[in-house]
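Undergrad: Residue strings, one per chain:
Protein chains: 2
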Amino acid sequence: MPQNLLVAQSGGPTAVINSSLCGIVEEATQHGQVKGIYGAVNGILGVLHEDLVDLRQEDPSSIRSLRKTPSAALGSCRYKLSERDFNRLLDVLTAHGVGYFLCAGGNDSMDTAHKVYKMAAEKRLDLKVMGVPKTVDNDLPVTDHCPGYGSVARFNAIATRDSSLDTDAIYTSDTIKIIETMGRDTGWITASTSLAKETEDSGPHLIYLPERPFIEGKFLNDVKEVYDRLGRVVLAVCEGLKDENGRFVKASTKGIDTDKFGHAQLGGVGDYLVNLISEKLKIKARYDKAGTIQRVSMQCASQVDIDEAYRVGQVALLKALEGESDKMVTLIRKRSDPYVSDTGLVGLDKIALKTRSVPDEFINKDANFITKEFIDYATPIIGGPLPEYARLNKMRLERKLMPYT
Amino acid sequence: MPQNLLVAQSGGPTAVINSSLCGIVEEATQHGQVKGIYGAVNGILGVLHEDLVDLRQEDPSSIRSLRKTPSAALGSCRYKLSERDFNRLLDVLTAHGVGYFLCAGGNDSMDTAHKVYKMAAEKRLDLKVMGVPKTVDNDLPVTDHCPGYGSVARFNAIATRDSSLDTDAIYTSDTIKIIETMGRDTGWITASTSLAKETEDSGPHLIYLPERPFIEGKFLNDVKEVYDRLGRVVLAVCEGLKDENGRFVKASTKGIDTDKFGHAQLGGVGDYLVNLISEKLKIKARYDKAGTIQRVSMQCASQVDIDEAYRVGQVALLKALEGESDKMVTLIRKRSDPYVSDTGLVGLDKIALKTRSVPDEFINKDANFITKEFIDYATPIIGGPLPEYARLNKMRLERKLMPYT
Chain A
2 MPQNLLVAQS GGPTAVINSS LCGIVEEATQ HGQVKGIYGA VNGILGVLHE DLVDLRQEDP
62 SSIRSLRKTP SAALGSCRYK LSERDFNRLL DVLTAHGVGY FLCAGGNDSM DTAHKVYKMA
122 AEKRLDLKVM GVPKTVDNDL PVTDHCPGYG SVARFNAIAT RDSSLDTDAI YTSDTIKIIE
182 TMGRDTGWIT ASTSLAKETE DSGPHLIYLP ERPFIEGKFL NDVKEVYDRL GRVVLAVCEG
242 LKDENGRFVK ASTKGIDTDK FGHAQLGGVG DYLVNLISEK LKIKARYDKA GTIQRVSMQC
302 ASQVDIDEAY RVGQVALLKA LEGESDKMVT LIRKRSDPYV SDTGLVGLDK IALKTRSVPD
362 EFINKDANFI TKEFIDYATP IIGGPLPEYA RLNKMRLERK LMPYT
Chain B
2 MPQNLLVAQS GGPTAVINSS LCGIVEEATQ HGQVKGIYGA VNGILGVLHE DLVDLRQEDP
62 SSIRSLRKTP SAALGSCRYK LSERDFNRLL DVLTAHGVGY FLCAGGNDSM DTAHKVYKMA
122 AEKRLDLKVM GVPKTVDNDL PVTDHCPGYG SVARFNAIAT RDSSLDTDAI YTSDTIKIIE
182 TMGRDTGWIT ASTSLAKETE DSGPHLIYLP ERPFIEGKFL NDVKEVYDRL GRVVLAVCEG
242 LKDENGRFVK ASTKGIDTDK FGHAQLGGVG DYLVNLISEK LKIKARYDKA GTIQRVSMQC
302 ASQVDIDEAY RVGQVALLKA LEGESDKMVT LIRKRSDPYV SDTGLVGLDK IALKTRSVPD
362 EFINKDANFI TKEFIDYATP IIGGPLPEYA RLNKMRLERK LMPYT
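Protein chains in written order, with the numbering used here: chain A, 2 to 406; chain B, 2 to 406.
Any given hint could be a false lead.
Identical copies go unnamed one by one, so any copy, or any two together, can satisfy a pair.
Capping the alpha-carbon separation at 27 angstroms, the derived lysine-lysine pairs in DSS-like fashion look like this [stated by the list, open to error]:
#1 LYS69 to LYS366
#2 LYS283 to LYS251
#3 LYS395 to LYS335
#4 LYS285 to LYS243
#5 LYS401 to LYS36
#6 LYS401 to LYS81
#7 LYS401 to LYS116
#8 LYS69 to LYS395
#9 LYS281 to LYS251
#10 LYS401 to LYS124
#11 LYS285 to LYS251
#12 LYS81 to LYS251
#13 LYS366 to LYS251
#14 LYS36 to LYS395
#15 LYS366 to LYS81
Think of the hints as simulated: they come from the structure by calculation, not from any bench. Because the structure is a prediction, the values reported are computed rather than measured.
Excised from the complex, chain A in its bound form:
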């Protein structure tokens, strides 16, 4: 008997979470098994408050253009469900005849989805629950990478290259440039700035991930060494950098800045390091912190990412229709060059609340850059080479005068 489908978008927005929504909805319209196609407004909060929309009423061209629309079109949330909330949730799903519940999100969302599945099973409800991976942080286990990451990585590769060119051009004035990227617990996003590097001497010159403790003295030595050699430094740091005691280098300690999952509000490492460098090395520095702009930039999105996000949505729906439940769709890398990927499935409990850090083999021994292994890993998923820029040969004219001193 045909049942209704409910889709929810969860956690931080990305450039491609709407592409997953598009994949789900376009696939759903092809199957008689699916009656109503519903969306939850602001994720699980929309389910709790019965704030649901009818996606069959949308113009197919609007649905299609979700592929090139960043952020979360249905609205998202960060909300930790209470025991009582789960009961309400099942009441709403039952009241609206939902047989397929698809949730796009990260490890918090997969935990929620898993609990919904368990509770529905206890109550013997016929509910298929499927997870659609989504997180710019790229920190979900099992899957080769997460939709959303390829695009934030492409943004950071392009922005870091541009910002490095800016520093190169005017290095007689602004000598140290700090790029602060997102990344709460893992350095995947920060690592992607390495994809900007084109030559031995071009930026970024140093990269610091939260997988390694941030040691002030070592950092200052690293910076000084590059500065003495090149006269300028472009370095990338993660907003989630921690010191040797596991404390954030810079985070707000106010209760107000902690979200529903107890995560502290980060951001500000760049500003902190500008002051540190100014004070200790007496060198002028400035920082760029694209902040949330980096995770929703459709201008710099990866086509591979857009396509894969669509596919994981599509597959999640198809698998639910085949009777799968309590699973998340994964991406499996079949070949790197030319890049080919496939999808797989994994139990939601294998993802829920788990975090995958950047592995040791992707971080250099000095803990201040990444390895070639990371470049090989990340290059295919940012969707082709960066835009080509002119590079002048700069054939010097012969000097005719004495040096100017």
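Put chain B on the given structure of chain A with help from the hints.
TA: Just chain B now, with coordinates in the frame of chain A:
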């Protein structure tokens, strides 16, 4: 008699200063009057140190692709010339048979160019000096706008729309978003974030320019008012905001952070306001500060800007060949819709060291947003509408349960 041409790029990089270089070089190759086509490495510093390159040795395809290459391909600098430097400068120009000296830059650079002209005239040297306008700050007088501005404005329009969508989507968690833009003395760049606004309720909701004093109490009231009404606020601020006493709201006071022209290093207003809002209003906030990324983003460059930058370079060369000197090329708006512009000339002394602020008619009475007049002014130069995004109708399903409390 054919003479040599020397081009210098000066001040902060932009997305389109290389397009001006392209216009100059491509035009110069068409004229027998021009013998050598030289570039100064790192602007005026390259002239002083006789670090010059032969641009006729570059592949024409490299020159062509300067049109889509951000930052300053020849290198730039911020350097204030001493009396002694001017003599050296003329020695170098003379030694290399330079008859045409073209300088792309802002008001500091036009001052330098004007002084070079005056000194050359005193010494009766046959030197044509022409200025090519370039500054993301858009603060040069006389010209309708400056090449570089259209692109930074387009970047900020796109980034602010993306960032606003991000806040809209997840406003149950991140409720106040601050966009910090560049802009030392004027609010032109900050004002461009207004081009992101699509509906009455979409961001940005508030915009603060340095043309008006920043008054803490009024700011907090403004923020609170929007927050109470919409449950979220997206606001844009200029890094150069000043208080009622004309002091920067946030700037480094260290000598090391002051450049050769005595300008203090700015940046950090976003961080400052996040703390202020958190402390005084107890509302969670975060900030995006694209920093130098905004001025060199070719992905978000304005085609109108790229074309106009090319044209002002081309015209500067042509006018120099016609015998003009001590002038800067200006842009004149002939029609807004469809947009048509022409070029004009102005004496370098009318530009040197002068700053054009955002005029009163572009700023609203409450000093917390811009007017329709600004939108009309800025829209044509960002090069067409922003990329189209999907907008769902979100037809609500009928509720079947009691409200959840």
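Undergrad: Cα distance capped at 27 angstroms. Does LYS366 pair with LYS251 within a copy, between copies, both, or neither?
TA: within (25 angstroms within a copy, 38 angstroms between copies)
Undergrad: Can you tell me if LYS401 and LYS116 fall within 27 angstroms by alpha carbon in one copy, between copies, both or neither?
TA: Only across copies: LYS401 and LYS116 sit 23 angstroms apart there, 78 angstroms inside one copy, limit 27 angstroms.
Undergrad: Reference check for the pair LYS281 and LYS251, CA-CA at most 27 angstroms: within, between, both, or neither?
TA: both (18 angstroms within a copy, 21 angstroms between copies)
Undergrad: Given identical chains, is LYS401 near LYS36, meaning Cα to Cα at most 27 angstroms, within a copy, between copies, both, or neither?
TA: between (82 angstroms within a copy, 18 angstroms between copies)
Undergrad: Under a CA distance limit of 27 angstroms, which applies to LYS285 and LYS243: within one copy, between copies, both, or neither?
TA: both (24 angstroms within a copy, 22 angstroms between copies)
Undergrad: For the identical chains here, do LYS69 and LYS366 meet the 27 angstroms Cα criterion within one copy, between copies, both, or neither?
TA: neither (39 angstroms within a copy, 37 angstroms between copies)
Undergrad: Please work out whether the CA atoms of LYS395 and LYS335 approach to 27 angstroms or closer within one copy, between two copies, in both situations, or in neither?
TA: So LYS395 and LYS335 fail the 27 angstroms test inside a copy (43 angstroms) and across (38 angstroms) alike.
Undergrad: If the cut is 27 angstroms between Cα atoms, do LYS283 and LYS251 qualify within a copy, between copies, both or neither?
TA: both (21 angstroms within a copy, 20 angstroms between copies)
Undergrad: Give the relationship of LYS69 and LYS395 under a CA distance limit of 27 angstroms: within one copy only, between copies only, both, or neither.
TA: between (40 angstroms within a copy, 18 angstroms between copies)
Undergrad: My question is about LYS366 and LYS81: at a cut-off of 27 angstroms on alpha-carbon distance, are they close within one copy, between copies, both, or neither?
TA: Classified as neither; 39 angstroms inside a copy, 43 angstroms across copies.
Undergrad: Regarding LYS401 and LYS81, is the shortest C-alpha distance of 27 angstroms or less found within a copy, between copies, in both, or in neither?
TA: between (72 angstroms within a copy, 24 angstroms between copies)
Undergrad: Between copies, within a copy, both or neither: which fits LYS36 and LYS395 at Cα up to 27 angstroms?
TA: between (65 angstroms within a copy, 18 angstroms between copies)
Going through the hint list in order, the structure does not satisfy hints 1, 3 and 15.
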